Amino acid sequence: MKLHQQVIQVKTSGKCLHKITSQVNDVVINSGINTGLCTVFILHTSASLIIQENADPDVLADLSSFFSKLVSESADYLHSAEGVDDMPSHIRSVLTSTSENIIIHQGRLWLGTWQGLYLWEHRMRSHLRQIAIHIQGE
Amino acid sequence: MKLHQQVIQVKTSGKCLHKITSQVNDVVINSGINTGLCTVFILHTSASLIIQENADPDVLADLSSFFSKLVSESADYLHSAEGVDDMPSHIRSVLTSTSENIIIHQGRLWLGTWQGLYLWEHRMRSHLRQIAIHIQGE
Amino acid sequence: MKLHQQVIQVKTSGKCLHKITSQVNDVVINSGINTGLCTVFILHTSASLIIQENADPDVLADLSSFFSKLVSESADYLHSAEGVDDMPSHIRSVLTSTSENIIIHQGRLWLGTWQGLYLWEHRMRSHLRQIAIHIQGE
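Going line by line, the protein sequences match chains S, Y and V. Quick note, the first sequence lines up with residues 142 to 279 if you use the working numbering. Quick note, the second sequence lines up with residues 142 to 279 if you use the working numbering. Quick note, the third sequence lines up with residues 142 to 279 if you use the working numbering.
Quick caveat, the hints were computed from the structure, so don't treat them as lab data. All figures in this text were calculated on a predicted structure; none of them were measured in a lab. Mixed in with the good hints there might be a few duds.
When chains are identical, the list treats them as one kind, so a pair holds in a single copy or across two.
Claimed, not checked - EDC-like mimics (lysine to aspartate or glutamate), calculated; alpha carbons at most 20 Å apart, straight line:
(1) K143 with E279
(2) K156 with D226
(3) K210 with D226
(4) K156 with D199
(5) K160 with E214
(6) K152 with D199
(7) K210 with D167
(8) K143 with D167
Pulled out of the complex, with its shape left as it was, chain S reads as follows (with noise of 0.2 Å):
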């Protein structure tokens, strides 16, 4: 049984959903872990991860103009001394996902056909993300 620990960072341009899975399998395949499970975990709690559609664009584009839709920036929260996009950057990330765990299986990312892994960005302002990951396998 073979483990593997490694960070990968991802420069983020305000609030925007950035591919990862090629820069994941590459960690997948740098490990030599043929049959496992790689969990990705990201460090923050204002940005979050998905899987979703790889091929079409406006799919991204929707979900950003439900999620916007569905949490508010102009509502009355408590916290809101870091800015008016914090709050619903902490509340978006509750409802997606802080680490996705994906079958390894010949080597690569066991996804389907349409899958991709995404870095999902809530904050308006850049940021470096930093994302852990963990291979465990054969």
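Starting from the known structure of chain S, fit chains Y and V onto it as the hints suggest.
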């Protein structure tokens, strides 16, 4: 340490919650793994997984009705070429789970008395859904 | 490869977010596992887990208030025999997480500086909640 990987298929019949607890439990039993972790991962972005009450079917009806109201099918989505139910399905998938990780204890899925594992089909038509299972343990 | 399984109990006091980071960290330390994965799984469907900001209590208050508005207790649910707060609790559980998977690094839960692990009690009355923990690593 043993590893076991397998795909199970579920034929859905339109928007519906399908209980798959015993199907996944059978895979665990067949793996011969007594103590470990079972990762269940749906290879699609318009169907998803949840763990919910396994007793009163009204809970499933109320869940369906809540999500139908929360994620409108009559909103003006950019991504509309695949049908009015496609983009809402992607959003519902993001709000629920692409994978569930269930502990294996004494050779069985370790669930609470009232917990069941469900595949949630979000599309109106019937689909043959692929679920990848990875089991790691002893 | 070592495996460690344990149950922890948390006594809740009505709708509330209970920080359980250090309780789970203690289980990790006692397991003697230095590098691995910790799966935390709540054995209930009307309480759930989230990873959120551990600093400003206003964040927790805003989260609670957002979810109370999003999931109404005065809606006409079919499943109502167990109280007006039961069906909303199931929905809140689906929108958050039944389990969280946290990487273990240098013998501790690998969390960001501002991240804490919380049990979210969604029912109005106090409950004794069971959380199963599985640790796998070296």
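Hint numbers contradicted by this structure: Those not satisfied are hints 5, 6, 7.
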